[in-house]
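As you go down the protein sequences, you meet chains H and F in turn.
Take 0 as the starting number for the first sequence in numbering that gives the first Met the number 0 and just add one per residue.
Take 0 as the starting number for the second sequence in numbering that gives the first Met the number 0 and just add one per residue.
These are computed hints drawn from the structure, not numbers from a lab.
Be a bit skeptical, because a hint or two may be false.
Computed from the model, here is a short list of chain F residues facing chain H with C-beta under 10 angstroms [as the list claims (entries may be wrong)]:
1. GLY19
2. ALA24
3. LYS27
4. ASN40
5. ILE97
6. VAL109
7. SER125
8. ARG127
9. THR130
10. GLU157
Chain F residues, not near chain H, derived (Cβ > 12 angstroms throughout) [said to hold, decoys possible]:
11. ASN56
12. SER83
13. ASN145
Derived CB-CB ranges, DEER-like [what the hints assert, rightly or not]:
14. F:VAL165 <-> H:ARG127: 44 to 54 angstroms
15. F:LEU5 <-> H:GLY120: 34 to 44 angstroms
16. F:VAL165 <-> H:GLU136: 37 to 47 angstroms
17. H:GLY91 <-> F:ILE1: 51 to 61 angstroms
We treat Cβ as the ideally placed atom computed from N, Cα and C, and that holds for glycine.
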Amino acid sequence: MAGINPFVRDEGGQWILLSGLIIAVGLVVLSILLNQAMMAGGRSPEAILKFPKDDIREFRWEVHRWAHHNVSRLSDGAYISNLTNQTMLLYGSRGISVSISVLDVNATNQTANLTLFITDGPTTCNFRREYVDCIHESI
Amino acid sequence: MIATLLLVMEGAVVVTPQTGLVLDANLKQIGDDALTVLDTNDPFDGIILKHYVAVWNNTTTNEIIYDTILFGNSSGNALNRSLSYLLPDDVLFNLDFIYVNDSTTDEVTVRRVIDNGEPGADAVVSRRLVTLFANESGYPLSAYWNSTVFLNDPQVVEVRLTLWQV
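Could you build the full structure based on these sequences and the hints that come with them?
Right, dumping it as structure tokens:
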């Protein structure tokens, strides 16, 4: 053993280097997992609260109820204008814009085709040909 | 080494941290569900929420007297009683009726129908639309609504439920 440089033979330092590498990789993996968890925790409820799912469904549902009440009245311009005005004011007070237009009404078959539009800025929903069947549709 | 890393990452159970937003989303869902139950067309009771809105007479006591099979006999404010059944005990709520008094003047009226105090900073809001028609069978209108429906036929009413946790 004599004559060999003791610094070359001392291999304990390699373990320190390897441990450091393992810890570094572990920390990176852990930070990625934590970051993803934080993102999931923040994004999911944000999507629920910000996306106006209930507003869209409620608006569409209520228009169907109007049609079911009396589909023939949908051809009355003043009637639709009154409903649109009230709905626009109610939704407008919370920053949502809505509009309704009647494409055609068939009083014999109790059906109607409507165009419904709702937007809160980031989300826009346009039902270009909303079909209402007052006989076969249950509400 | 990569295979081991993948195994660890796939197998690790990561618990998503609960933020205030998660609680708000849950609370909003609870409120939406309660209003959905009331707004569903029940074969025996009809649309209970619509009955409650229709009988409200804009009095200072906010009486809503309407008996249903689902929620039983009522006295005082039946809507308050029904919502108390549907919402958890640790949730307080206020309820407003919002409507256009006269569509020609574009005035929106807000009436507090259930008042349980000042909402906390983390309060959330759930909403439902109810449309009252003149002479609709099964849904007799109060004297107050009869007067407004005379101006707006039909009368669209927004039921706004504000919830907060205590």
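So, going through the hints one by one against the coordinates:
| no. | hint | result |
| --- | --- | --- |
| 1 | GLY19 | holds (9 angstroms) |
| 2 | ALA24 | holds (4 angstroms) |
| 3 | LYS27 | holds (7 angstroms) |
| 4 | ASN40 | holds (7 angstroms) |
| 5 | ILE97 | holds (6 angstroms) |
| 6 | VAL109 | holds (9 angstroms) |
| 7 | SER125 | holds (7 angstroms) |
| 8 | ARG127 | holds (6 angstroms) |
| 9 | THR130 | holds (6 angstroms) |
| 10 | GLU157 | holds (5 angstroms) |
| 11 | ASN56 | holds (20 angstroms) |
| 12 | SER83 | holds (22 angstroms) |
| 13 | ASN145 | holds (17 angstroms) |
| 14 | F:VAL165 <-> H:ARG127: 44 to 54 angstroms | holds (45 angstroms) |
| 15 | F:LEU5 <-> H:GLY120: 34 to 44 angstroms | holds (41 angstroms) |
| 16 | F:VAL165 <-> H:GLU136: 37 to 47 angstroms | holds (41 angstroms) |
| 17 | H:GLY91 <-> F:ILE1: 51 to 61 angstroms | holds (56 angstroms) |
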